[in-house]
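K.L.:
In case you want the letters, here they are:
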Amino acid sequence: MSSELRELYQEVILDHSKRPRNFRELPAATGRAEGYNPLCGDRATVYVELEGDRVKDVSFKGAGCSISTASASMMTEALKGKTRAEADALFDRFHRLITSDPSRAAENVAPELGKLAAFSGVCEFPVRVKCASLPWHTLRSALEGEATRVSTEETEASRGEAEGKTRPEGSS
Amino acid sequence: MSTSPDVRRETRPSSTVAIDLAAVRRDFPILSRQVHGRPLVYLDNAASSQKPRSVIEAERSLYEGYYANVHRGVHSLSMESTDAFEAGRVKAQAFLNAASTREIIFTRGTTEAINLVAATFGRSRVGAGDEVLVSGLEHHSNIVPWQMLCAEKGARLRSVPINDDGEVRLEELERLLTPRTRILGMAHVSNALGTINPVAQIVEMAHARRVPVLLDGAQAAPHVAVDVQSMGCDFYAFSGHKIYGPSGIGVLYGKASLLEEMPPYQGGGDMILSVSFEKTTYNELPYKFEAGTPNIAGVVGLGAALDWVTGIGLDRIAAHEHSLLEYGTRRLLEIPGLRIIGTAREKAAVLSFVIDGVHPHDMGTVLDYEGVAVRTGHHCAQPVMERFGVPATTRASLAVYNTKQEIDVLVAGIEKAREMFV
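Heads up: the sequence lines are chains A and B, in that order. With the numbering used here as the guide, the letters of the first sequence map in order to residues 194 to 365. With the numbering used here as the guide, the letters of the second sequence map in order to residues 2 to 423.
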């Protein structure tokens with residue numbers, strides 16, 4: 194397998210995509226949101242249970258590619274016990290990592306990312322950035338406590354993810 | 002302005018002689034490139050096909066030798082360019098076996114052709130409470146223009162369901178052709194599934210109810226012989242870029258009697274005979290529908306592409322692709338957990354599939370590293386995906402230059418993806 198492909202599909206990512214953690218509904222959820230990528234049909238519903246300002250529990254359901262499934266699974270593991278501000282800060286770190294200029298990706302592997310650093314290979318694959326970020330965009334809505342639906346085609350541009358990278362739907 | 006003389010389609014080479022595949026492949030310079038260190042295996046032909054050298058050369062020689070605006074100047078370059086441009090129209094007429102070059106309108110592609118018909122014919126024929134009928138197989142480009150028209154007019158867009166094999170249910174078509182139906186839009190060949198619709202029969206059913214028919218031929222023209230007179234359709238649209246020609250050029254065929262009564266699509270130069278601030282007299286067919294300087298190089302390139310296809314012969318192309326389809330179907334079905342979506346009896350060389358445990362997006366990425374280009378996603382046919390309960394598929398779509406060895410590379414790549422993800 195090529196080195197870029199191995200970078201993208203690291204063992205930990207394959208493991209989480211095959212055996213996603215916290216893959217369940219959350220009856221006690223204080224917030225939930227649905228994420229949808231209309232270009233590839235990926236769907237993720239993220240549930241959060243806040244206790245005060247802290248994430249007591251977080252889970253997800255849905256169907257997507259290995260990158261989006263592993264991203265959602267590892268996101269839920271990383272978030273438990275974090276405050277909303279910490280969750281936001283982590284998303285920013287994560288987002289910076291997956292949208293890095295590939296030649297400078299190493300600089301964006303911040304220590305607080307922990308296992309999420311495995312997603313550093315995504316920046317080599319601009320078309321897969323949305324797969325990795327969909328669960329996080331959805332989480333942000335769930336944390337806001339509104340039952341909302343997030344689409345990659347509306348959120349990406351606002352984060353500047355789109356610049357020079359997103360493509361409109363192709364022909365046929 | 003003179004129209005070119007009408008021509009009859011020429012006799013094609015017999016399908017009994019197999020194509021010279023090595024020679025065909027040599028005509029396409031891009032096929033010798035590598036992707037991620039592997040020989041390119043281009044199986045995304047339903048999205049767009051590659052270009053033979055003759056098409057590339059036709060555009061180059063236009064720009065290097067005789068380029069100028071068409072239908073304008075009295076100078077030599079303009080006349081030479083106009084001759085080449087109008088020769089492209091004659092080739093398109095012969096290719097479709099249209100009765101006259103007056104029935105051949107150049108557009109940006111199939112999408113614009115359908116929009117043209119919706120915006121002119123549709124707008125003048127469809128009113129509140131009327132119905133526009135399409136099928137459950139359609140590409141978004143044969144849904145959305147009609148949806149926009151219906152929204153504007155207070156009309157209703159209805160669709161004919163398809164069966165589990167991806168075939169249009171003709172008994173449902175019969176039921177849905179009502180006295181309110183004003184037009185039927187139907188794919189000749191489905192882009193997502195490869196289904197070849199029995200278009201002559203469908204046109205006959207619609208005409209029995211006095212319903213005009215537009216056929217979306219984007220996926221058909223490169224793969225099956227098209228004869229608009231024997232099919233009897235009222236409109237037929239196809240794109241240059243899927244038939245080995247340039248992108249940004251397409252053809253709308255329309256029956257002259259209908260085109261005559263239709264209002265113009267866009268206003269501007271070339272589509273007029275005379276203009277004053279009080280009144281404009283529109284040009285004759287087909288120029289009435291071609292406002293502004295056209296895609297001159299596109300038409301010249303399309304003409305070269307149609308020559309190339311006719312030189313090989315669509316019967317022989319279809320026979321080759323059919324043997325690839327049979328081989329590919331057999332090989333794919335050997336893979337555990339793989340399901341082919343689209344199993345119509347009459348089918349063009351499209352292999353759309355899903356596989357347990359491997360998402361199409363991941364499949365596309367892994368295959369890319371094997372040098373294999375496929376399409377993954379909903380193929381701009383979300384209603385088709387809904388019908389089969391899948392969010393997306395991987396689609397390998399074959400063309401005249403593909404080989405059985407390339408299908409073997411595809412199968413090996415799929416096996417590799419299974420090892421990774423399952």
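Hints were generated in silico from the structure; no laboratory data involved. We put the CB at the ideal spot given by N, CA and C, even for glycine. Careful, some of the hints might be misleading.
[As the list claims (entries may be wrong)] Now the stretches of chain B that chain A is said to cover, found in silico as 3 or more residues with beta-carbon under 8 Å:
1. 93 to 104
2. 361 to 368
[To be verified] In silico lysine-lysine, DSSO-like type, Cα no more than 27 Å apart, as pairs:
3. K308/A x K211/A
4. K249/A x K275/A
5. K211/A x K405/B
6. K256/B x K308/A
7. K254/A x K275/A
K.L.:
Please work out if K254/A and K275/A have their alpha carbons no farther apart than 27 Å.
P.N.:
21 Å, holds
K.L.:
Compare the distance between the alpha carbons of K256/B and K308/A with 27 Å, and conclude whether the hinted pair is satisfied.
P.N.:
64 Å, violated
K.L.:
Taking 27 Å as the top limit, are the C-alpha atoms of K249/A and K275/A close enough?
P.N.:
8 Å, holds
K.L.:
Can you take a look at whether the region 361 to 368 of chain B is actually covered by chain A? Rule is 3+ residues, C-beta closer than 8 Å.
P.N.:
holds (count 5)
K.L.:
Mind checking the alpha carbons of K308/A and K211/A for me, to see if they're no more than 27 Å apart?
P.N.:
Roughly 17 Å separates the two Cα atoms, so the pair holds.
K.L.:
Is the hinted pair K211/A and K405/B satisfied, with a Cα-Cα distance of at most 27 Å?
P.N.:
With Cα atoms ~33 Å apart, K211/A and K405/B exceed 27 Å; violated.
K.L.:
Check, residue by residue, whether the region 93 to 104 of chain B contains three or more positions whose beta-carbon lies closer than 8 Å to a beta-carbon of chain A, and give the verdict.
P.N.:
Answer violated; 0 residues pass the 8 Å Cβ test.
Violation of the numbered hints given earlier is confined to hints 1, 5 and 6; the remaining hints are satisfied by the structure.
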